[in-house]
Every structure is written in structure tokens, then in C-alpha cells.
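Letter by letter, the chains look like this.
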Amino acid sequence: MTGSVRWQDAALGVIGTGSLFVLWELASRLGFVSPNVFPAPTTAIIGTLRTVPLLDILGHVGTSLLRIIWGFALGVAAGTVIGIASGWYRAFGVLTKPVIELLRPIPPLAWIPMAIIWFGLGEPSKVFVIFLGAFFPIVTSAYKGMTGIDPALLRAAQTMGLRGPKLLFRVAVPAAMPDLATGIRIGWGLSFGVLVAAELIAADQGMGFMIMNARQLGQVGVIVFGIILIGVMNLITDYFIGAVIRRRIGRWHAV
Amino acid sequence: MRNSRIIGGLTLIFLLVLWQLAVTWGFLKPFQFPPPSRIGGAVVELATKGFPNNQHIWTHVGVTLWRIIQGYVLAITVAIPIGLLIGTVAVLDKLTLPIITFGRSVATLSLLPLVIIWFGTGELTKVLLIAYGCFWAMLSNVIAGVKYVDPVMIRAARTLDTGRLRMFVKVVVPATLPRMFVGARMALGVGFMVIVGAEMIGTIQGLGALIMEARTFYRSDITIVGMLFIGILGFSISTGLSWLETVLLPWNKGLEEVRR
Amino acid sequence: MMADTAASTGSSNPATAKIDVRGVSKRYATDDANTPPVLDDIDLTIGDNEFVTLVGRSGCGKTTLLNIIGGLVEPSHGDISVNGRLVTGPGEGKGMVFQQHALFPWLTALHNVGFGCRNNGVSAAESDRISRQLIELVGLQGFEDKYPTELSGGMQQRVAIARALATDPEILLMDEPFGALDELTRLEMQDELLRVWSAHKKTVVFVTHSISEALVLSDRIILLAARPGRIRREFIVPFPRPRQRTDPQMIALYDEIWRNLA
Numbered sequence: 008m009t010g011s012v013r014w015q016d017a018a019l020g021v022i023g024t025g026s027l028f029v030l031w032e033l034a035s036r037l038g039f040v041s042p043n044v045f046p047a048p049t050t051a052i053i054g055t056l057r058t059v060p061l062l063d064i065l066g067h068v069g070t071s072l073l074r075i076i077w078g079f080a081l082g083v084a085a086g087t088v089i090g091i092a093s094g095w096y097r098a099f100g101v102l103t104k105p106v107i108e109l110l111r112p113i114p115p116l117a118w119i120p121m122a123i124i125w126f127g128l129g130e131p132s133k134v135f136v137i138f139l140g141a142f143f144p145i146v147t148s149a150y151k152g153m154t155g156i157d158p159a160l161l162r163a164a165q166t167m168g169l170r171g172p173k174l175l176f177r178v179a180v181p182a183a184m185p186d187l188a189t190g191i192r193i194g195w196g197l198s199f200g201v202l203v204a205a206e207l208i209a210a211d212q213g214m215g216f217m218i219m220n221a222r223q224l225g226q227v228g229v230i231v232f233g234i235i236l237i238g239v240m241n242l243i244t245d246y247f248i249g250a251v252i253r254r255r256i257g258r259w260h261a262v
Numbered sequence: 384m385r386n387s388r389i390i391g392g393l394t395l396i397f398l399l400v401l402w403q404l405a406v407t408w409g410f411l412k413p414f415q416f417p418p419p420s421r422i423g424g425a426v427v428e429l430a431t432k433g434f435p436n437n438q439h440i441w442t443h444v445g446v447t448l449w450r451i452i453q454g455y456v457l458a459i460t461v462a463i464p465i466g467l468l469i470g471t472v473a474v475l476d477k478l479t480l481p482i483i484t485f486g487r488s489v490a491t492l493s494l495l496p497l498v499i500i501w502f503g504t505g506e507l508t509k510v511l512l513i514a515y516g517c518f519w520a521m522l523s524n525v526i527a528g529v530k531y532v533d534p535v536m537i538r539a540a541r542t543l544d545t546g547r548l549r550m551f552v553k554v555v556v557p558a559t560l561p562r563m564f565v566g567a568r569m570a571l572g573v574g575f576m577v578i579v580g581a582e583m584i585g586t587i588q589g590l591g592a593l594i595m596e597a598r599t600f601y602r603s604d605i606t607i608v609g610m611l612f613i614g615i616l617g618f619s620i621s622t623g624l625s626w627l628e629t630v631l632l633p634w635n636k637g638l639e640e641v642r643r
Numbered sequence: 017m018m019a020d021t022a023a024s025t026g027s028s029n030p031a032t033a034k035i036d037v038r039g040v041s042k043r044y045a046t047d048d049a050n051t052p053p054v055l056d057d058i059d060l061t062i063g064d065n066e067f068v069t070l071v072g073r074s075g076c077g078k079t080t081l082l083n084i085i086g087g088l089v090e091p092s093h094g095d096i097s098v099n100g101r102l103v104t105g106p107g108e109g110k111g112m113v114f115q116q117h118a119l120f121p122w123l124t125a126l127h128n129v130g131f132g133c134r135n136n137g138v139s140a141a142e143s144d145r146i147s148r149q150l151i152e153l154v155g156l157q158g159f160e161d162k163y164p165t166e167l168s169g170g171m172q173q174r175v176a177i178a179r180a181l182a183t184d185p186e187i188l189l190m191d192e193p194f195g196a197l198d199e200l201t202r203l204e205m206q207d208e209l210l211r212v213w214s215a216h217k218k219t220v221v222f223v224t225h226s227i228s229e230a231l232v233l234s235d236r237i238i239l240l241a242a243r244p245g246r247i248r249r250e251f252i253v254p255f256p257r258p259r260q261r262t263d264p265q266m267i268a269l270y271d272e273i274w275r276n277l278a
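Chains as they are written, first to last, in the working numbering: chain A, 8 to 262; chain B, 384 to 643; chain C, 17 to 278.
Read the hints as simulated data drawn from the structure, not as lab findings.
Do not rely on the hints blindly, as some may be mistaken.
[Said to hold, decoys possible] Cβ-Cβ distance ranges computed for the label pairs, FRET-style:
#1 A:52 <-> B:501: 17 to 25 Å
#2 B:624 <-> A:27: 28 to 36 Å
#3 B:624 <-> C:270: 53 to 61 Å
#4 C:199 <-> B:531: 30 to 38 Å
#5 B:423 <-> A:97: 28 to 36 Å
#6 A:155 <-> C:215: 33 to 41 Å
#7 A:155 <-> B:550: 30 to 38 Å
#8 B:507 <-> A:158: 51 to 59 Å
#9 A:158 <-> C:270: 33 to 41 Å
#10 A:158 <-> C:214: 29 to 37 Å
#11 C:165 <-> B:419: 44 to 52 Å
#12 B:460 <-> A:41: 27 to 35 Å
#13 C:59 <-> B:624: 55 to 63 Å
#14 B:404 <-> C:109: 54 to 62 Å
[Unchecked claim] Simulated pairs of lysine to any residue, SDA-like, Cα-Cα distance not exceeding 25 Å:
#15 A:173 <-> C:108
#16 A:104 <-> B:388
#17 B:477 <-> A:19
#18 B:477 <-> A:196
#19 A:104 <-> B:397
#20 B:530 <-> A:20
#21 C:162 <-> A:180
#22 A:151 <-> B:392
#23 A:104 <-> B:391
#24 B:530 <-> A:16
#25 A:173 <-> C:140
#26 C:162 <-> A:156
#27 C:162 <-> A:159
#28 B:412 <-> A:130
#29 A:151 <-> B:393
#30 A:104 <-> B:418
#31 C:162 <-> A:249
#32 A:173 <-> C:146
#33 A:104 <-> B:419
#34 A:173 <-> C:105
#35 A:104 <-> B:423
#36 B:477 <-> A:11
#37 A:151 <-> B:390
#38 A:151 <-> B:388
#39 B:553 <-> B:536
#40 C:162 <-> A:261
Here the structure is a predicted model, which means the values were calculated and not measured.
For glycine and all other residues, C-beta sits at the position ideal for the given N, C-alpha and C.
Take the sequences, apply the hints, and build the full model.
Structure representation (C-alpha cells):
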């Protein structure tokens, strides 16, 4: 793609997005929708920054990020190890597969009550639910990656004398990377959704709490601001993870 | 293959027995880990007496299912024509790309407080939230499906003097169907995720509500029954969808990769 | 002089035997009892530095035989020895090249070639030095840092050959290595292989279903029959290399092999 075409595409995107915002702004300003129910974007953002101290907002963002990083990191670690081990060691896979298949269809949010019973109302219960959001897509894609390795690669490595753990870590794991990366990306998206929901239902800090609290206070502007903030955070972090993945495996595997 | 299934089943039974014994011998607290025997009892209770306020399990399942179906069908019927349009008209695709990317990134449940303000805590709120989540998953797949129709197929159809409309109906749409099923499947996953969150607020009917209510009554056994039913429901619908796909698209075998 | 079924020719003299296949049969667990075995009582002796091709129709078990020699597949009966020692598994001085290049997609050409060396504990510097030499030998200098997906089919197969040579195995086993290449690249690769082989003398067992490929490359052609997989005939190719593909003697031998296949 040439530079000018790229610029053209980007410009069209900006025009499309811009006109949507202008339309929304006008609808609210001209009174087609009540600003009390659906404030214009400028009103929401400026209003929020006036009423809610910036430090509070940053505090909510920080709390949320900390939770999701913990839950996600645990999910990546457990999902990768269990998925890879299940795919590689047949006997282990036979044992883990039915348990995973049984629990996988249960949406992570449905675990919230049990998480509270097991871990109390504090941070661990939220981290646990976020962990589940990341764990299942990662464990299944790691397993799929391991069982789908081109047998020719393993055979080629065997003819060069690799076996056992060396064959696993130097050939099988790298070969499963693309699938694992897909799972990690999906896992991030899911745990992000879970994070917000968990904070809506049971939290006294975080971005989800911020908007739920604003509802009780009747601050529609803060809610709209919060929704956009959460969306933007999701977009940025997902882009970041995508970039890391592309850097790691993008040259040898089309992402 | 069959052997591993039997071993898998035995593993599950073994774990359940272990769990039961661990509670009986006092290693696990029955409130934190309600044993299988109690969960079985809770199923019977839910089927006969009902919980909470005599709401039978079938009411919960039915209500949840109905909400999902409404939101899901709404999302799909809106997303397919819009997706076909955006996918076909290149300028439209470029204009909407950032909007769609952002729309997908918005956490569906973060809209809950806003939608409550608009429509209250009733049915409409839940249906709309499900519809929102499903919509983007479906839309982006329909667009991608149209955009990546094999150009050789289009060229082949051109050589057969196919008109524009005919080309669209007879070539583009069928070629997009496999990708639509991918979207439908992803949308379903999103729907199940959203429904649980949506039902945890402002209702006592539905499986999400059942799970949450049970906790406030210290009935963890009922919570687990609710979780199992959501799992079974989700699993059955997605199995039904794959079955539907093999019936409707018997020619499609090559999309295994994207599907999961 | 052109065709010889006897096993007592000079190049397959058991005294200099490199590979000894004795009474090898193979039947897969999934086969039912009535189907004839993939390989049935194969005896074959391959001499040191000999270039042998296994030729036959699809399903005649030539790849299975190669995999058994390579230690990747276990025979149902019989055994294989290399240098008089029983083969118990892959590796151990047996390099292999596959039809689909089987390069590691996450490694550059250079690191693919050096993979076996690094695994044997060779230092990174030394392994890179060996790899660069081999990459030059197969004519790929300048492509060291490309990933397999960035190379053409012929280049990928060149890397695969260099990779198999890197650990300096005594035996090179090649399973239709040029089968997926277009005709022109294929002819080019045949010449290339002979050049490499003359630089690094090895015992080569080469599977192909192209008679002309076998004629250009090998000292001896083993014709396999399918189900049951048996050795139908052996042909010595006595012509000096480089061979002319259009040489009337070559064509005569081609016809004879073809008659035996049909």
C-alpha cells in the first residue's frame, strides 16, 4: 500500500468518526435528546473533568489495571503451562481435558458469587474472576496449538537427535506460539470485559465502580465519560499486546 | 479415542467422589464447597419447590434463554444487512472502520448504568445489552466475510456474464456465509457473557439472578446448580449452531481454523 | 552391464556395508489382517558413500522404508544396522530431508541450518561459521537472515539440505525432497545436490517416483513393488557423472525400468 492511499484511508476514518461525534453533539445541543439523559461528548468530558478530581480518575484506572494485570498474568501462566502440558503429555491431557471442557462453557461472571464465598469481598475474588476470563481461551488455544503441530517438524527435530524436554521446549512450544498468541489476545479482551463487570457488581474502586457510582449520584456525564475511558483503555492495551505479539512472531507468521 | 473418553469420564467421577469424601471427612467446608450430594438435592429442590420465591429452575432457564434469543436475533438481523453494505462499499468501510473498532472495544457491561438510566432495570435493558455485545461480533465478521471473498470466484462469475445483483446474491452472500457463522458463534459467546452480568442486577428471574440471589441466602449449592445450567445451556446452543452449520453449509469444510 | 539383479555387485559389497537392512517387514496397527503388508521381508545392503534411490508407485512403502532406516518408524519384523550397529532411534548420524521442507518457521535460514549443531552443544560462533559455509555451498549467501516463509520453494529445500548436512552425518536420507518443486527448479536442484554430494561424500538414500531423477542422481536404483512391498529389481547406473539426460544409453535404461514398473 502506498503512503498516499494510507493517508487517504486514515482521513476517511477521521471524517467518519468526526461526523458521528458532530451528529451526537448536535443532537444533544439542539435538544433532540435530553442532555440529562444523553449528554453531548464535550459536555460529558468537560463536565466530568470539572466535577471529578483527576487524581480520583487516575486512581480508578490504576486500581483496574492492577487487578487485570494480576488476573491476566495468572491466567497466562496457568493457561500456558496446563495447555502445553495437556497437549504434550497424553496421559495428562486425558485427565485435564474433561475438567476443562466441563468448566469452559460457564461464563466467568457466573463465578462471582463463588469467588466471593471462597476469597471474600476483597481483591483476590476479583483477580480470580479475571483470571478465569483469561485462563480458558488461553488453555484451549495452547492445547490446540500443541496438538496441531506439523508432525514433520517434530520428525525433523528427532532426526537431529532431539527428544524429551528439548524437543518440547525447542520445537513444540515455539511451533505452538501462533495459536497461543491468538488465545492470549482473546483472553485479554475477555478479562477486560470481566473486569468491568466484576467492578460494577462488587467493588469500591476501579473504572467499573466509577460509572456505577455515578449512576447512583445521577451523573450521566460521568457515566458517558467512563464508558469512553474504558473503551479507550481497552483499545490501547489491546493494541499494545498486538504490537508485542507482532514483534515476537510477526516476521515468520502472518498475524 | 474412545478409551480416552472413558478415562476422562472416570476422572470426573473420581474427582466428584473425592470432593464428596473431603466434605464428609471435614477437609472442605460444605458451605464453601457444597458436595455433589447437596448439589443433587438442590437440583431437586429447584425443580419442585423453586428458588427464590418459588421460581422453578425451568422459569430461570426459560427467562434467560428468551432474553438471549431476543437480543441475539435483534443483533444479527441488524448486523447482517449493515455488514453486507459496509463490506461491499469500500468508502463506507473506510469511513466506519475506527467507529467499529471502538464500538467493539467498549465493554458491553460498562453500558449498563447508562442503559438503566434510559430504560430502567426491566427486560429491555437486558435485551439491548445482549444485542449490543452480539452486534459488533457479528458485524465485523460479516464485513470481513464480504471483503475477503476469493477474487478468483468473482472473476469466474464475471466470465459467466453475471449481473451485479445476481453476483451479490448468488456469489458474494453465499461465500460470506461461513464467516457469518463464525460471527454468530462469537456473538453467542458474548451474549452468554453479558446475560450473566445483566441478570445480576434488578431481577430475581434468570440464571444470573438465581446465582446471585442464592449467595445472599447462603445457598452456595444453588449457585453451583445455576452455574452448571448456564454452562449446559451455552454448550447446547453452540452445539446446535455447529449442527445447523453442517446442515446449511455442507460444502464448507475449510474454515475449521477460524472457527474456534 | 546395464541391469543387474544380483546383490553381489561392487557397490553393495557387504564388506563395505554402511546400511544393512535385514528381513524388514512392516504392517500398520490400523491395517486389517487381510491387507498385504506395506513392506514384506526386505533385504538391502547399501555401501559406504553409495547413492541409492528407492523408486516405485505411490503406496509401495518407499517412504516407510526410509523412515525405518532413519529410525523414525519401527519395523514389525527384522532390523537395520548402520556400521554394524543396530538402529534404535532417529539421529545418530542420520540426516534427513523431507518432501515438505519441514524448516522451523520461527528460525532464520542461518539458525535453521545451525539448529542441530546448537543442539549438540556446539558454540554459537562455531555453529554460525558452519552454517554460513553450508549456506554458501547451497548457493544462498545473502539469505541467511530470511525466515522460511520469505524464501521460495527451491530455496527452502536448499536450506533443508544444508540443515541436514550441518551435523555432518554419515548418511543422508531424502524423502522425495524435490517432489513439491516445479520442473525447472527440480532439475536445478538435482545438479545442485550432486555438486554438494561431491563436496561432502555421504551415503545417500533417496526416495523418488521420478525415474529420470533416479537415473541422473544415483549409483543404484531399487525398484519397489506395492502391497506387499517387496524389492522387484535393482538396476546399476554405471554412467559417469555429470550425466546427460538425453544420452541414448540413459534413455534405454529408462525404458527398461519403465517396463519393469508397468
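Hints, one by one, checked against the model:
1. A:52 <-> B:501: 17 to 25 Å: 20 Å, holds
2. B:624 <-> A:27: 28 to 36 Å: With Cβ atoms ~32 Å apart, the hint holds.
3. B:624 <-> C:270: 53 to 61 Å: 57 Å, holds
4. C:199 <-> B:531: 30 to 38 Å: For residue 531 of chain B against residue 199 of chain C, whose Cβ atoms are near 32 Å apart, the range 30 to 38 Å holds.
5. B:423 <-> A:97: 28 to 36 Å: Holds: the Cβ-Cβ distance is about 33 Å, inside 28 to 36 Å.
6. A:155 <-> C:215: 33 to 41 Å: Distance hint for residue 155 of chain A, residue 215 of chain C holds at roughly 38 Å.
7. A:155 <-> B:550: 30 to 38 Å: Distance hint for residue 155 of chain A, residue 550 of chain B holds at roughly 36 Å.
8. B:507 <-> A:158: 51 to 59 Å: 54 Å, holds
9. A:158 <-> C:270: 33 to 41 Å: 35 Å, holds
10. A:158 <-> C:214: 29 to 37 Å: About 33 Å separates the Cβ atoms of residue 158 of chain A and residue 214 of chain C, which means 29 to 37 Å holds.
11. C:165 <-> B:419: 44 to 52 Å: 51 Å, holds
12. B:460 <-> A:41: 27 to 35 Å: Between residue 460 of chain B and residue 41 of chain A, where Cβ atoms are some 29 Å apart, the hint holds.
13. C:59 <-> B:624: 55 to 63 Å: At 57 Å between Cβs, range holds.
14. B:404 <-> C:109: 54 to 62 Å: 55 Å, holds
15. A:173 <-> C:108: 16 Å, holds
16. A:104 <-> B:388: 10 Å, holds
17. B:477 <-> A:19: 6 Å, holds
18. B:477 <-> A:196: 24 Å, holds
19. A:104 <-> B:397: Holds, because 14 Å separates the two Cα atoms, which is no more than 25 Å.
20. B:530 <-> A:20: 17 Å, holds
21. C:162 <-> A:180: Judged against 25 Å, a Cα distance of about 21 Å means the pair holds.
22. A:151 <-> B:392: Distance of about 21 Å is within 25 Å: holds.
23. A:104 <-> B:391: Between residue 104 of chain A and residue 391 of chain B the Cα gap is close to 7 Å, so the pair holds against 25 Å.
24. B:530 <-> A:16: 15 Å, holds
25. A:173 <-> C:140: 17 Å, holds
26. C:162 <-> A:156: Holds, because 22 Å separates the two Cα atoms, which is no more than 25 Å.
27. C:162 <-> A:159: 21 Å, holds
28. B:412 <-> A:130: 22 Å, holds
29. A:151 <-> B:393: 23 Å, holds
30. A:104 <-> B:418: 22 Å, holds
31. C:162 <-> A:249: Measuring from Cα to Cα gives roughly 23 Å; hence the hint holds.
32. A:173 <-> C:146: 22 Å, holds
33. A:104 <-> B:419: Answer holds: residue 104 of chain A to residue 419 of chain B is near 20 Å, not above 25 Å.
34. A:173 <-> C:105: Measuring from Cα to Cα gives roughly 16 Å; hence the hint holds.
35. A:104 <-> B:423: 24 Å, holds
36. B:477 <-> A:11: 14 Å, holds
37. A:151 <-> B:390: Holds, at about 20 Å.
38. A:151 <-> B:388: 18 Å, holds
39. B:553 <-> B:536: 11 Å, holds
40. C:162 <-> A:261: 15 Å, holds
Of the numbered hints given earlier, the model fails none.
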